[in-house]
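Could you build the full structure based on these sequences and the hints that come with them?
There are 2 protein chains.
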Amino acid sequence: MARVTAPAPRYDVVGIGNALVDVIAHVDDDFLTRHELVKGAMTLVETDRALELHRALPTAIEMSGGSAANTVCGVASLGGSAAYVGKVSADDLGGVFDHDLRAVGVRFARAAQHADVPTGRCIIAVTDDAERTMNTYLGASSLLAPDDIDAEVVAAGAVLYMEGYLFDRDDAKAAFRRAASIAHDAGRLVSLTLSDSFCVDRHRDDFVGLVADEVDLLFGNADEICSLYEVDDLDTAVAAVQADCAMAAITVGARGALVATADGVVDVPATPVPKVVDTTGAGDLFAAGFLFGLTHGHDPVGCARLGAIAAGEIISHVGPRPLVELRTLI
Amino acid sequence: MARVTAPAPRYDVVGIGNALVDVIAHVDDDFLTRHELVKGAMTLVETDRALELHRALPTAIEMSGGSAANTVCGVASLGGSAAYVGKVSADDLGGVFDHDLRAVGVRFARAAQHADVPTGRCIIAVTDDAERTMNTYLGASSLLAPDDIDAEVVAAGAVLYMEGYLFDRDDAKAAFRRAASIAHDAGRLVSLTLSDSFCVDRHRDDFVGLVADEVDLLFGNADEICSLYEVDDLDTAVAAVQADCAMAAITVGARGALVATADGVVDVPATPVPKVVDTTGAGDLFAAGFLFGLTHGHDPVGCARLGAIAAGEIISHVGPRPLVELRTLI
Chain A
9 MARVTAPAPR YDVVGIGNAL VDVIAHVDDD FLTRHELVKG AMTLVETDRA
59 LELHRALPTA IEMSGGSAAN TVCGVASLGG SAAYVGKVSA DDLGGVFDHD
109 LRAVGVRFAR AAQHADVPTG RCIIAVTDDA ERTMNTYLGA SSLLAPDDID
159 AEVVAAGAVL YMEGYLFDRD DAKAAFRRAA SIAHDAGRLV SLTLSDSFCV
209 DRHRDDFVGL VADEVDLLFG NADEICSLYE VDDLDTAVAA VQADCAMAAI
259 TVGARGALVA TADGVVDVPA TPVPKVVDTT GAGDLFAAGF LFGLTHGHDP
309 VGCARLGAIA AGEIISHVGP RPLVELRTLI
Chain B
9 MARVTAPAPR YDVVGIGNAL VDVIAHVDDD FLTRHELVKG AMTLVETDRA
59 LELHRALPTA IEMSGGSAAN TVCGVASLGG SAAYVGKVSA DDLGGVFDHD
109 LRAVGVRFAR AAQHADVPTG RCIIAVTDDA ERTMNTYLGA SSLLAPDDID
159 AEVVAAGAVL YMEGYLFDRD DAKAAFRRAA SIAHDAGRLV SLTLSDSFCV
209 DRHRDDFVGL VADEVDLLFG NADEICSLYE VDDLDTAVAA VQADCAMAAI
259 TVGARGALVA TADGVVDVPA TPVPKVVDTT GAGDLFAAGF LFGLTHGHDP
309 VGCARLGAIA AGEIISHVGP RPLVELRTLI
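Residue numbers (this note's numbering), protein chains in the order written: chain A, 9 to 338; chain B, 9 to 338.
To be clear, the hints were calculated from the coordinates, so they are not data collected in a lab.
Even glycine gets a Cβ: it sits at the ideal position worked out from N, Cα and C.
Among the hints, erroneous ones may be present.
Covered, in the sense of this in silico footprint (three residues per stretch, anywhere, with C-beta under 8 Å from a C-beta of chain A), are these stretches of chain B [what the hints assert, rightly or not]:
| no. | stretch |
| --- | --- |
| 1 | 59-67 |
| 2 | 105-113 |
| 3 | 321-332 |
Quick look at the structure:
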């Protein structure tokens, strides 16, 4: 946990993740079946498959996305200060992504570009039940390496927030270790979101090591936490995470969230929403509210309540970035 | 008007216009004042000004736009067949534009590309009163020349629909003349939308000549028609257009539209909408409904009613492309 001797942080949160632009379209369930898509999952796709799915998609809108990027924009929208480390290309979508960070006042510590590798994009099919099914072409985003970590920016953030989706290539894993080490050396808090149970499954040993060694605050949903510890029931997983991390914030879908600390486990209900339109970004914005709360003196229950409010806004419209200033909702 | 000897058309409507991607954000009136923007107008901007405005814009969404492109997508969404002639670049936004035409089944007769000239974009600031203020960086879109007109496609459309916004550079003017001539030679109908009163003002003599020589069906709002004939009252303008064109469909804002033919002038009220969110595309979709009606055996009043229904859908949400299949509304 943070040392009391650290200088005052310049940012509440510094996020690191896959820098993506979302391509969002409304589809029926038949579309998912026809294209053999797993509803609710995030699947990594290569160029050909991305092109094939894009061609099949109805009229789409493009909007900046990327899990950790959504989170830091949420922190800024709540009135906090934030920075982001990620990799885009010098193309149109890279410009869109850059714009939307700056538009809410997030400092973009933009990693060096690789010629010929386009900005990553996430094809999101939203069904009538508001579930989102994601197919991600990572492009430039996944090429983040240790040298791309802006040490000055990471050291200046009260909390480092790392996105599990990016924890895939060896270079990115090394980048996470480096960022966590910089943050801890500067007396900062290190947090991680598990992002996806398939993702946890693919890299379980590395995730387990990272969580045990470096993570002060863990985010994830029930599936992801259970997958991490290879257990079937949430209670056992919660006990395991309590042994590893000072704090864990675990979302449990429409029921809300629970927060586990050394002091015990508390439940926080979800914020009721008149109509759930698109669940894209729900977890990202829960993390935004939680991290804003944590860096503004709230207790764990208060943090989770702020998370629920931010998530409630994002699921009431299409797209993973807030459409109102979240600070007006709290 | 169409000769009865023409072969059956393959498309109901063939559109020609500025191929643009819209960058849409919600702003307050103060934003317009601060950046010296004329509310409700379309202003052409150069690269530097476009970048300056884009930098100032809040979180945005990107969505395909372009006036005539919106219209042909509306025709397709109503269940008609359509093609489009326009110029984009081989960049991300060109891909977005191409995708959204194909997604609704519009044939894109894509003009040859110019290296180093990016796809055009329209920065749209939407205010609380649902008015849109547009700043357009034309990019590749404005470089359309006579050789870019796909004669086979134009000859195969029952109605040619040309967008006044594009009628700016000499090459584009020549392209319009060529397209109109191909359409008439094939026994087709030629229509034009005036697009913008500033646009009419800049090129009045050329517009007057084109309307008198080539246009069978003219679209415009009251301001644009009055500007075309340099008169102050709509009645005088309507009399003038009756002398020039077989038919004119003139929108009069929230009041609806009037249709002028040799038989007289009829009023058609607007379709009531619970909440007007964004007026972007209202005129484009009115034209879509009108043209769909015209090519499906409706009388002028029926055509204008279909136009009002299509416009009603588009102003009830953000963005100028239909979010439901318009055929389900008629």
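Here is how each hint holds up against the structure:
Counting residues of the stretch 59-67 of chain B whose CB falls under 8 Å from any CB of chain A gives 5; the rule of at least 3 is met. Here the stretch 105-113 of chain B counts 5 residues with a CB under 8 Å from a CB of chain A, which clears the bar of 3, and the coverage holds. Counting residues of the stretch 321-332 of chain B whose C-beta lies closer than 8 Å to any C-beta of chain A gives 4; at least three are required, and the coverage claim holds.
In summary, the structure agrees with every hint in the numbered list given earlier.
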